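Working from the sequences, and respecting the hints, build out all of it.
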Amino acid sequence: MEKKPHKPALFYTPRILSLVLILILGSFAVQAYQEAEVVIKESSPFTIYLLPVFILLLVTGISWKKARIGGTLFIIAGLFYVFQTNELSASSLAMVATPLILLGLLFHISQYYYEK
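Taking UniProt numbering, I'd label the letters of the sequence shown as residues 1 to 116.
I should point out that these hints are in silico values taken from the structure, not numbers from a laboratory. Remember, predicted model here, so these are calculated numbers, not experimental data. Virtual Cβ for every residue (Gly too), placed ideally from N, Cα, C. One thing to keep in mind: the hints can contain errors.
Said to hold, decoys possible - SDA-like, lysine to any residue: derived pairs with alpha carbons at most 20 Å apart:
1. K66 <-> A77
2. K66 <-> Y113
3. K65 <-> V20
Claimed, not checked - Cβ pair distances, simulated, as ranges:
4. G61 <-> I109: 17 to 23 Å
5. Y114 <-> Q84: 29 to 35 Å
6. V20 <-> I48: 21 to 27 Å
7. W64 <-> T98: 17 to 23 Å
8. E115 <-> A90: 32 to 38 Å
Structure (C-alpha cells):
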C-alpha cells in the first residue's frame, strides 16, 4: 500500500521555507546597509537592496493562495537571477537561484497533492 505524504506538512513547508529565504535575503540587505554606514539621506541603496525581498514577499503572498502560479514565479525568479547576473560563481548561484527554483518545485508538488 502506497503511503501519501502528510498534506498539511506538504502544504506549509514551501510557504515557511519561502519566508525563511526572504528573512535571510533581508538580513543580507540590512547587514550591507549597516556596514556601509550610510546616513539617512542616502537610504535609496537600502531600498534597492530590499527590492528583491519585497518582490519575493509578493510572490510568496501569491503562492499562498495559488501555488501553481507562485511556483512558476519562483522558478522564473531563479532563472532570472541565473541569466541576469554578471557574476556566475557557483556559490552565488547555489545560494540564491537554487533555493528559488527548489521552492517553485515544492509549490508545484504541494499543489499537485493538495488537489487530490
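Straight-line alpha-carbon gap K65 to V20, limit 20 Å: Distance ~18 Å between K65 and V20 Cα, so the pair holds.
Could you check the hint for me, namely that E115 and A90 are 32 to 38 Å apart, CB to CB? 36 Å, holds
Does the Cβ-Cβ separation between V20 and I48 fall within 21 to 27 Å? 23 Å, holds
Next pair to validate is K66 with A77; report whether the Cα-Cα distance is within 20 Å. Satisfied, since the Cα-Cα distance of roughly 16 Å is no more than 20 Å.
W64 versus T98 beta-carbon gap, inside 17 to 23 Å or not: 22 Å Cβ-Cβ, so the 17 to 23 Å window holds.
Hey, K66 versus Y113, does the alpha-carbon distance stay inside 20 Å? 14 Å, holds
Against the range 17 to 23 Å, how does the distance between the Cβ atoms of G61 and I109 compare: consistent or not? 20 Å, holds
So the hint says 29 to 35 Å: do the beta-carbon atoms of Y114 and Q84 match that? Since Y114 and Q84 have Cβ atoms about 32 Å apart, the given range 29 to 35 Å holds.
Violated hints are absent here; each numbered hint is respected by the structure.
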